[in-house]
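Heads up: the protein sequence lines correspond to chains A and B, in order.
Just so you know, our numbering puts 365 at position 364 of the first sequence, and the rest follows in order with no gaps.
Just so you know, our numbering puts 421 at position 420 of the second sequence, and the rest follows in order with no gaps.
These are computed hints drawn from the structure, not numbers from a lab.
Where hints are given, some of them may not hold.
[Said to hold, decoys possible] Away from chain A, derived, C-beta distances all over 12 angstroms, residues of chain B:
no.	residue
1	GLN87
2	ARG282
3	LYS296
4	ARG343
5	LEU432
[What the hints assert, rightly or not] Keeping only pairs whose Cα atoms sit at most 25 angstroms apart, straight-line, the calculated BS3-like set for lysine-lysine is:
no.	chain 1	residue 1	chain 2	residue 2
6	A	LYS116	B	LYS506
7	A	LYS158	B	LYS148
8	B	LYS116	A	LYS506
9	A	LYS359	A	LYS381
10	A	LYS158	A	LYS148
11	A	LYS88	A	LYS26
All C-beta atoms, glycine included, are put in the ideal place defined by N, C-alpha and C.
2 protein chains.
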Amino acid sequence: MAESMAGLSRSHRCTEVSRENIGEKVTVMGWVQKRRNLGSLIFVDLRDRSGLLQLVFDEDTLADDDYEKANSLRNEYVIAAEGEVQKRSAAINENLKTGDIEIKVTKLRILSESKTPPFPVDDQQTVKDELRLKYRYLDLRRPNLQKNLLIRSQVTKTARDFLAEEGFLEIETPILGKSTPEGARDYLVPSRVHPGSFYGLPQSPQLFKQLLMCSGVDRYYQIAKCFRDEDLRADRQPEFTQIDMELSFVDVDDVIDVNERLLKRVFKDVLNVDVQIPMKRLTYQEAMDRFGSDKPDTRFGMELVNVSETVSGCDFMVFKGALENGGSVRGLNARGLGDLGRKKIDAFVDFAKEFGAKGLAYIQLKEDGSVKSSFAKFMKEEEMTALIDAMEGKPGDLLLFAADKDSVVYDVLGNLRLEIGKKYDMIDESLYNFLWVTEFPLLEWNEEQNRYTAMHHPFTMPMEEDLEYIDTDPGKVRAKAYDIVLNGTELGGGSVRIHRDDIQKAMFKSLGFTEEDANERFGFLLEAFQYGVPPHAGLAYGLDRLVMWMTGEDSIRDVIAFPKVKDASCLMTQAPGGVVTVQLDELGIEIKENDTNEE
Amino acid sequence: MAESMAGLSRSHRCTEVSRENIGEKVTVMGWVQKRRNLGSLIFVDLRDRSGLLQLVFDEDTLADDDYEKANSLRNEYVIAAEGEVQKRSAAINENLKTGDIEIKVTKLRILSESKTPPFPVDDQQTVKDELRLKYRYLDLRRPNLQKNLLIRSQVTKTARDFLAEEGFLEIETPILGKSTPEGARDYLVPSRVHPGSFYGLPQSPQLFKQLLMCSGVDRYYQIAKCFRDEDLRADRQPEFTQIDMELSFVDVDDVIDVNERLLKRVFKDVLNVDVQIPMKRLTYQEAMDRFGSDKPDTRFGMELVNVSETVSGCDFMVFKGALENGGSVRGLNARGLGDLGRKKIDAFVDFAKEFGAKGLAYIQLKEDGSVKSSFAKFMKEEEMTALIDAMEGKPGDLLLFAADKDSVVYDVLGNLRLEIGKKYDMIDESLYNFLWVTEFPLLEWNEEQNRYTAMHHPFTMPMEEDLEYIDTDPGKVRAKAYDIVLNGTELGGGSVRIHRDDIQKAMFKSLGFTEEDANERFGFLLEAFQYGVPPHAGLAYGLDRLVMWMTGEDSIRDVIAFPKVKDASCLMTQAPGGVVTVQLDELGIEIKENDTNEE
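All chains, full assembly: derive it from the sequences and hints.
Written out as structure tokens, the structure is:
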């Protein structure tokens with residue numbers, strides 16, 4: 002039966018004990034990682050947050066009942082042990098921080114027993130995710146997840162320190178907010194005081210942080226919980242965390258500067274990694290042209306080449322048709338893959354098709370100097386030569402071409418580039434390549450709604466030099482919006498906001514909003530803007546994703562203490578669950594009959 | 002029309018400019034607090050987060066259009082001004098940090114115009130709360146609320162710094178949690194993926210933080226949003242913030258020690274106030290006996306005196322009846338109030354009745370030596386003398402007595418004490434009197450449910466020395482629970498948790514829970530406890546209330562950026578609001594017909 006701790010007080014965490022304590026009496030507490038008996042000795046590996054420490058129980062010197070207790074110890078029992086630090090009697094364990102010492106126990110308490118856990122508490126990854134998540138409290142005991150929680154905590158601490166030094170105030174914005182017509186994916190919360198009315202959980206603190214700028218707060222930050230009720234992709238969570246900030250009286254360069262220094266500080270303090278600043282910047286257009294992506298992974302080359310002009314005169318219908326329809330022909334040079342077998346190249350073609358390509362044209366420049374191509378027969382020899390030259394093709398290279406409208410070509414080649422880079426180990430995993438992508442288009446054409454929609458959001462400031470097009474050619478207007486990209490992942494993004502009434506009106510017009518529409522959607526913010534609004538700008542990071550990169554994990558689940566699974570449920574608590582009718586009555590709602598819930 | 006900031010860059014906040022900058026060119030940006038014209042000069046008080054700075058525009062030297070612009074400035078316009086710092090030409094303002102300087106403006110931009118605001122942006126408090134809250138972004142511009150936001154930010158920063166130094170990890174627990182049968186006041190969140198199922202928003206991270214201890218986290222903290230859907234008392238919010246912590250392998254004194262040092266640090270760093278530690282401690286019983294309250298305001302005396310024995314032989318039926326029914330007779334000595342008029346004493350009687358007293362017996366010991374009493378006629382003279390002696394009554398004192406069962410007597414006299422203390426200025430408002438109240442009863446008898454309920458929560462550890470009573474006389478068992486009290490307000494509270502199976506079972510038995518009940522309520526925590534649980538304890542502060550004390554405000558609304566009002570609505574955003582039916586359809590719920598919503 003479990004005992005009380007009373008009278009004992011922990012003196013050290015496990016790995017806080019070292020050679021320097023030899024001869025001292027210490028008290029340690031933690032979980033039994035392993036027990037093994039060796040003659041009259043019992044060895045126990047004790048585990049706490051800090052790591053492992055060896056305890057030794059000697060039948061000859063220990064009180065009988067304590068020895069018996071030691072002999073009863075099983076994995077995951079929680080114990081307190083008092084004893085003297087000594088040099089290891091048995092072999093030194095080089096892999097352990099405390100590998101050269103042990104505690105010769107003189108007093109033992111069993112604080113809590115444990116059933117046999119459903120899986121061993123170690124970093125071997127053979128256990129099913131579902132089982133781990135059901136017993137998350139056991140899974141979290143693994144050194145790897147302990148390390149992730151520690152790093153996450155250090156990241157937020159360092160970010161907070163830096164932002165405080167830079168004059169940012171931490172301010173909480175409401176979780177119980179207003180659902181807007183834009184918020185099709187808002188979680189709703191019925192109100193007891195106002196039956197039939199609902200709060201909306203925020204997808205971001207966007208409106209509130211802009212209101213704080215109107216309030217004269219000047220510099221705001223918050224590490225904020227955000228919510229999105231949508232079908233979860235592989236690596237999304239219904240609730241997620243942003244490092245969110247907003248600044249007054251600033252322009253693009255100010256925001257970039259403060260955030261470069263923030264990231265430099267976080268990577269240095271937490272990982273001891275030196276990040277070079279200023280970071281590289283690419284405009285959206287350049288990123289698309291060179292990498293086929295607005296979040297390029299720049300850890301390797303293999304950039305896209307626009308060969309539209311080179312092939313403009315050829316008769317190959319795939320190329321010709323794309324160009325005639327206003328599209329382009331672009332290529333990738335996969336160096337060193339010229340001798341790949343047919344099957345592997347076919348796999349690239351299939352991959353390209355997943356992203357909307359009708360096909361993928363290729364030229365194999367074999368090491369032996371021979372050339373094999375899927376479309377040579379449609380091309381003149383000098384056209385082929387020009388094309389290979391344009392791609393800087395050499396023996397041993399594989400040239401891959403997509404021809405379609407630009408958006409498809411970018412998507413196909415951008416993804417194909419990543420696929421090849423990963424598959425053929427072209428990526429230096431030791432790098433942290435940061436990159437700003439700037440000058441995003443302000444608007445994008447929405448085919449479905451037959452109107453422009455805001456690429457970032459409707460308060461994003463156009464670039465001054467493009468203002469003249471906002472009425473006449475809105476698609477051409479670039480925005481003061483920026484994303485921060487790390488190794489091909491978008492870590493965060495933001496924009497300068499519109500603070501001028503005239504520009505806001507023009508923006509709403511481009512979006513096809515009447516004044517009524519705008520008021521219904523953003524009424525209280527627009528009202529606030531009538532009472533003196535400072536120029537302001539902001540940025541938000543996905544904290545989960547940032548920490549995922551910093552811990553080297555593949556899934557954001559591994560950096561969240563209690564994550565949910567794909568169907569937005571929690572396997573440990575079984576949330577969401579049923580509730581009693583009287584609760585719903587008070588809220589003025591009822592569950593609809595089943596017939597309406599059919600899939 | 003509003004202009005762009007382009008080409009200008011803020012060099013200083015308003016009060017960052019000082020005499021030391023005289024002769025320098027600076028660029029400042031902010032809101033127009035006031036404009037006044039004086040001959041060919043225009044003076045503008047510019048306001049930003051830091052304070053006020055005087056700008057001067059000189060018709061003789063400024064470009065014509067900039068002067069015209071200056072002349073058009075109205076309150077709350079947002080402007081950028083470039084100019085030279087000079088000694089004030091006009092009278093020095095001693096009340097201003099920048100009172101001896103001004104900026105002679107050479108370039109002006111109007112960044113944003115403002116309509117006439119619905120109330121002036123200053124700290125005069127004549128504006129209705131409702132109007133302030135509707136235009137919260139204007140209200141927040143007031144120096145007083147700016148200061149509150151700053152202090153709140155400093156409090157959380159200092160607390161985080163301290164807790165990080167002490168080895169606490171910041172860990173986020175879910176907002177979308179599970180609603181429990183206990184959670185009658187949970188906010189519910191319908192799930193789109195599981196129509197008809199609901200998440201519950203947490204009233205506290207209690208279960209999760211205990212699970213983190215089971216996970217080996219050792220020391221956890223979080224500044225956590227919590228939610229309670231209840232009729233809001235004057236000063237509650239539907240969402241509120243806790244500084245929440247939990248520690249493993251500790252007992253009561255460890256928790257108290259770390260929290261005393263936390264509070265000392267916060268008060269020192271933020272307010273430069275020295276808090277003496279160790280702080281005073283009172284047991285629950287002592288607090289009730291001396292102050293009639295489990296959160297006593299110890300900034301003044303006037304303690305309760307138990308005169309039950311003194312009056313045990315008297316024939317005054319009010320006293321006699323109370324004692325015969327197992328109650329008590331207790332008194333307060335309101336020194337110096339012996340000569341109060343009848344009306345004022347009657348007001349005390351009425352006040353006492355609000356708290357359940359049937360009446361209030363009193364003795365006026367007038368300055369002139371005469372005695373007036375509401376019940377002298379029922380008492381022998383020597384009984385009166387003994388009673389006055391027991392109360393240490395002197396001429397000029399007013400003695401007030403309540404007789405009833407203990408709970409009523411405590412409540413009446415405890416509240417009366419506070420009322421008199423406030424009304425007659427007995428409280429030294431400059432003090433910060435911290436106090437721990439410990440050894441709370443583990444259980445309280447619930448008349449309605451005819452069973453014991455947990456006073457703190459069902460995982461609270463009984464005191465070892467009282468364990469023997471848990472089966473036989475549960476009401477007698479004291480808990481390892483503690484509250485931290487400041488000037489009569491509960492700032493926070495917590496307890497050591499049960500980590501032993503046998504004690505947990507006895508506790509559930511005392512609460513009348515079957516094993517099934519317990520599992521339904523706390524299933525996943527109880528399951529976790531089967532796999533090795535460390536002794537652990539924790540505490541949570543109400544951050545809003547703490548900051549309220551530190552800012553000297555009377556309402557927590559004044560320390561929350563975007564608070565809600567009594568009916569849990571937001572006057573600025575109009576949340577909660579209606580939603581469209583298609584949203585509800587997806588959630589599998591519908592709004593009930595009106596007949597069921599009638600009050």
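Outcome of the hint check:
Every Cβ of chain A is farther than 12 angstroms from the Cβ of GLN87 (chain B); the closest lies at roughly 23 angstroms, confirming the non-interface assignment. At the 12 angstroms boundary, the C-beta of ARG282 (chain B) stays outside the reach of chain A, the nearest C-beta of that chain being 19 angstroms off. Interface exclusion of LYS296 (chain B) from chain A stands, the closest Cβ pair being 26 angstroms apart, more than 12 angstroms. For ARG343 (chain B), the condition that its CB be more than 12 angstroms from all CB atoms of chain A holds, with the nearest at approximately 43 angstroms.
Listed as a non-interface residue, LEU432 (chain B) keeps its Cβ farther than 12 angstroms from every Cβ of chain A; the least gap is roughly 29 angstroms. Restraint check for LYS116 (chain A) and LYS506 (chain B): satisfied, since their Cα atoms lie roughly 17 angstroms apart, inside the 25 angstroms limit. Distance check on the hinted pair: LYS158 (chain A) and LYS148 (chain B) sit about 24 angstroms apart at the alpha-carbon level, within 25 angstroms; holds. Simply put, LYS116 (chain B) and LYS506 (chain A) have alpha-carbon atoms about 17 angstroms apart, close enough for the 25 angstroms limit, and the pair holds.
For the hint pairing LYS359 (chain A) with LYS381 (chain A), the CA-to-CA distance comes to about 23 angstroms; that is within 25 angstroms, so the pair holds. Restraint check: the Cα-Cα separation between LYS158 (chain A) and LYS148 (chain A) comes to about 15 angstroms, which is no more than 25 angstroms; the hinted pair holds. A hinted pair counts as satisfied when its Cα atoms are at most 25 angstroms apart, and LYS88 (chain A) with LYS26 (chain A) qualifies at roughly 13 angstroms.
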